[in-house]
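*Asks:* Modelling step: build the complete structure from the supplied sequences, incorporating the hints.
Just so you know, the protein sequences line up as chains A and B, in that order. Take the first sequence: its position 29, counting from 1, is numbered 28 in numbering that gives the first Met the number 0, and each next residue is one higher. Take the second sequence: its position 196, counting from 1, is numbered 195 in numbering that gives the first Met the number 0, and each next residue is one higher.
Keep in mind that the hints were calculated from the coordinates and are not lab data. Remember, predicted model here, so these are calculated numbers, not experimental data. Please note: incorrect hints may appear among the correct ones.
As the list claims (entries may be wrong) - Capping the alpha-carbon separation at 16 Å, the derived lysine to aspartate or glutamate pairs in EDC-like fashion look like this:
(1) B:Lys202 / B:Asp135
(2) B:Lys264 / A:Asp285
(3) A:Lys109 / A:Glu99
(4) B:Lys65 / B:Asp20
(5) A:Lys289 / B:Asp222
(6) B:Lys86 / B:Asp173
(7) B:Lys32 / B:Asp60
(8) A:Lys333 / A:Asp261
(9) B:Lys32 / B:Asp222
(10) A:Lys296 / A:Asp313
(11) A:Lys109 / A:Glu86
(12) A:Lys109 / A:Glu150
(13) B:Lys264 / A:Glu263
(14) B:Lys264 / A:Asp246
(15) A:Lys76 / A:Asp285
(16) B:Lys268 / A:Glu222
(17) A:Lys289 / B:Glu198
(18) B:Lys32 / B:Asp173
(19) B:Lys33 / B:Glu82
(20) B:Lys264 / A:Asp261
(21) B:Lys264 / A:Asp264
(22) A:Lys76 / A:Glu86
(23) B:Lys145 / B:Asp135
(24) B:Lys202 / B:Asp173
Said to hold, decoys possible - Over the 12 Å line for every Cβ pair with chain B, so calculated as not near, a few chain A residues:
(25) Gly26
(26) Thr85
(27) Gly87
(28) Arg130
(29) Gln143
(30) Met207
(31) Arg226
(32) Arg242
(33) Tyr273
(34) Pro284
(35) Asn304
(36) Ala319
(37) Leu331
(38) Lys333
(39) Tyr342
Backbone N, C-alpha and C fix where the C-beta goes; we use that ideal spot for every residue, glycine too.
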Amino acid sequence: MSDGRWSLQKIAGDIPDQNMPLVQVSGLRKLYPLTTGLFQTSRSYIHAVDDINFTIPHGESLGLVGESGSGKTTTGKLLVRLIDPTEGQIHIYTSGGDTEIAHLRGRELKRFRRHVQMIFQDPYESLNPRRTIFDTVAEPLVVQGIGDLAERERRVAELLVWVGLIPPETFMFRYPHELSGGQRQRVAIARALVVNPTFVVADEPTSMLDVSIRTGIMHLMQELAERLGVTYLYITHDLAVARYMSDRLAVMYLGKIVEMGDTEDVLAKPLHPYTRALLSAVPIPDPAYKRGVPDIKGSIAQPINPLPRCRFYDRCPIAAKICADNDHPPLLDKGGGHQAACYLV
Amino acid sequence: MDDYVLRVDDLTMHYTTRAGDVWAVDNVSFALKKGQAMGLVGESGCGKTSIATSLLRLLPDNAVIKGGHIYLNSTDLVALEEEEMRKIRWRRISMVFQAAMNALNPVYKVGDQIIEAMENHGLVTTNETARNDVADLFRLVGLDPKLMEQYPHEYSGGMRQRAVIAMALSCNPDLIIADEPTTALDVIVQDNLLREMMELQHKLHMSMIYISHDIAVIAEVSDRIGVMYAGRLVELASAVEVFHHPLHPYTAGLMSAFPSIIGPKRALKTLPGEPPDLLHPPRGCRFHPRCPYATDICKQEVPVLKDLGNDHYVACYHPMEAN
Chain A
0 MSDGRWSLQK IAGDIPDQNM PLVQVSGLRK LYPLTTGLFQ TSRSYIHAVD
50 DINFTIPHGE SLGLVGESGS GKTTTGKLLV RLIDPTEGQI HIYTSGGDTE
100 IAHLRGRELK RFRRHVQMIF QDPYESLNPR RTIFDTVAEP LVVQGIGDLA
150 ERERRVAELL VWVGLIPPET FMFRYPHELS GGQRQRVAIA RALVVNPTFV
200 VADEPTSMLD VSIRTGIMHL MQELAERLGV TYLYITHDLA VARYMSDRLA
250 VMYLGKIVEM GDTEDVLAKP LHPYTRALLS AVPIPDPAYK RGVPDIKGSI
300 AQPINPLPRC RFYDRCPIAA KICADNDHPP LLDKGGGHQA ACYLV
Chain B
0 MDDYVLRVDD LTMHYTTRAG DVWAVDNVSF ALKKGQAMGL VGESGCGKTS
50 IATSLLRLLP DNAVIKGGHI YLNSTDLVAL EEEEMRKIRW RRISMVFQAA
100 MNALNPVYKV GDQIIEAMEN HGLVTTNETA RNDVADLFRL VGLDPKLMEQ
150 YPHEYSGGMR QRAVIAMALS CNPDLIIADE PTTALDVIVQ DNLLREMMEL
200 QHKLHMSMIY ISHDIAVIAE VSDRIGVMYA GRLVELASAV EVFHHPLHPY
250 TAGLMSAFPS IIGPKRALKT LPGEPPDLLH PPRGCRFHPR CPYATDICKQ
300 EVPVLKDLGN DHYVACYHPM EAN
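*Replies:* Below you can see the structure in the form of structure tokens.
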């Protein structure tokens, strides 16, 4: 692999300033209207993502965890602009400078996709079954108008080697159905990285894979991130996987980030009562270990026209008057960069 | 031998396809005592669900039980006619499926569906007693009996899974097989449901087989664990033995590839390669192409499941303690 042809060189000099943040999100919000009645007028909205703020420094992958319906996938799609935000700003800092992408359209949006890519959960659905591996991996190059056919072939071969589909000639002209689940996810990773992005949103990229295959994909993603200078937003419901894939962790609940900090800090010393309940519900692969019962009431609801109070109020074991009388608490630093959105911690 | 509810002896099951036979279950033997919970773990395609559907004889048309016996108490299920098997299914062995939505009929009220299952086995004397029985079952699994009058789509995922458990319990079976019972659920709901199932199991002294790809879930619910690889049972022992002293290199590999949120963050190890295609399984030990300890004998001879002491069975020529 150290052979010059396949060396790990970037297509262009695309190293952003290390001291700048890579992604800065402020006041980001996505509301989905619930239409009812004769004129399909909306009085209710699902607050899928509701006023979230965070920064991802260059090289510090962020894990985004939460239960289904917490808004983590919506957040991921907003950051690559697969969907349009209702409100808020998303700044991405790349070699081309600072771009506010929340309202980009047309050609500019297309240009921005050169820097930001996405890896999806299900490699059986995210690859077009009628296109060869070459066509699939080369597509972003075609869209971006990078290189001619010979150059694209060389670049795709290089990517296939990086993701461990070796020798690349034997994979280039095969179809997805000829590959295993793990191999398909490698193709999806190659496709995401072929245009040299600086930021990649990975939405549950290993949750469909078996354990013995999963670890290989996790290692591959980490190795490539280091060598290519890619930073991930790693979305997962699996906290144990998040521990390995992210430097920092953000916990979402009903469209809000309720806790954020260094991954090991959050796992070892969770501050928010929701994070504490979530962590204590995670099964431990040791039959001798006895977990406590998660301290939480009721079950998850949908964030439809939420009341102006803490989102976790109904389920919180320590909820007090202050939590009901005030709006949802802001995400504040509780020491050492460990943030929580709670009046009581 | 009498205290065994279930004894599976040398069970072999193939799927016939146009491309040839798929060796889905190959010479699998294990036994389950009354009141015990056994976990079957393995990756997709390792044969764990095929074992479950063989036990219930709910096999697709192209599946053939090639050999072996399945003794439920002392009845060999393999030898039964379909007519007799129908009396055993649900009444003596029932199953909780992964996709609870598909296990419930969307056009009938949930309570009526459970009553119907009981009716089919002659367990209903009057409608009123049956309704009372189902109400009791609902309370047992933590559902409000009022929900009997509702349809499956009005239930949440966790509630549906509870209803399916109530249905599995309705005929008071000797054995319940739970195939990935919580896989589609969020962790907090999963935790709640697994606690409920374990409590029921102890209270009713039920025998259970849990099937999952998630070794952490299996660790928490099982007394004994069987590890499957490529259609074969490669290791069988108490849960603590399997986790603390894995003997098969595959089991050891799985353990070191599985992340945990507690304890020091240790490096996860990768198992090289992928599980084999069961149309053309490798000769000898099916794990040998991925095994770091494989020698010539592993490529030629099939290792048999042997007790290495402590009621710990492994099918390997080079078990871990020796490596």
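*Asks:* Against this structure, judge whether each hint is valid.
*Replies:* Here's how the hints hold up against the structure:
1. B:Lys202 / B:Asp135: holds (14 Å)
2. B:Lys264 / A:Asp285: holds (15 Å)
3. A:Lys109 / A:Glu99: The hint holds at about 14 Å.
4. B:Lys65 / B:Asp20: It holds: about 11 Å lies between the C-alpha atoms, which stays within 16 Å.
5. A:Lys289 / B:Asp222: holds (14 Å)
6. B:Lys86 / B:Asp173: holds (13 Å)
7. B:Lys32 / B:Asp60: violated (31 Å)
8. A:Lys333 / A:Asp261: holds (13 Å)
9. B:Lys32 / B:Asp222: Cα-Cα ~10 Å, so holds.
10. A:Lys296 / A:Asp313: OK: A:Lys296 and A:Asp313 at ~7 Å, within 16 Å.
11. A:Lys109 / A:Glu86: violated (21 Å)
12. A:Lys109 / A:Glu150: violated (21 Å)
13. B:Lys264 / A:Glu263: holds (9 Å)
14. B:Lys264 / A:Asp246: At roughly 13 Å apart (the allowed maximum being 16 Å), A:Asp246 and B:Lys264 satisfy the hint.
15. A:Lys76 / A:Asp285: violated (36 Å)
16. B:Lys268 / A:Glu222: The given pair, whose Cα atoms are some 14 Å apart, holds under the 16 Å limit.
17. A:Lys289 / B:Glu198: holds (15 Å)
18. B:Lys32 / B:Asp173: Given pair B:Lys32, B:Asp173 holds - Cα atoms ~11 Å apart, limit 16 Å.
19. B:Lys33 / B:Glu82: violated (26 Å)
20. B:Lys264 / A:Asp261: The hint holds at about 14 Å.
21. B:Lys264 / A:Asp264: holds (12 Å)
22. A:Lys76 / A:Glu86: holds (14 Å)
23. B:Lys145 / B:Asp135: Since the Cα atoms of B:Lys145 and B:Asp135 sit roughly 11 Å apart, the hinted pair holds (cutoff 16 Å).
24. B:Lys202 / B:Asp173: holds (14 Å)
25. Gly26: holds (28 Å)
26. Thr85: holds (26 Å)
27. Gly87: A:Gly87 is indeed farther than 12 Å from all Cβ atoms of chain B, at 27 Å.
28. Arg130: holds (23 Å)
29. Gln143: holds (33 Å)
30. Met207: violated (9 Å)
31. Arg226: The claim stands: A:Arg226 keeps its Cβ more than 12 Å from every Cβ of chain B (closest is about 17 Å).
32. Arg242: violated (6 Å)
33. Tyr273: At about 10 Å from chain B, A:Tyr273 fails to clear the 12 Å cut-off, so the statement is violated.
34. Pro284: Non-interface label on A:Pro284 violated, nearest chain B Cβ at 4 Å vs cutoff 12 Å.
35. Asn304: Label holds. Min Cβ-Cβ 20 Å, cutoff 12 Å.
36. Ala319: holds (22 Å)
37. Leu331: Answer for A:Leu331: holds, closest chain B Cβ roughly 25 Å.
38. Lys333: holds (20 Å)
39. Tyr342: Consistent with the label, A:Tyr342 stays out of reach of chain B, its closest Cβ about 22 Å off (over 12 Å).
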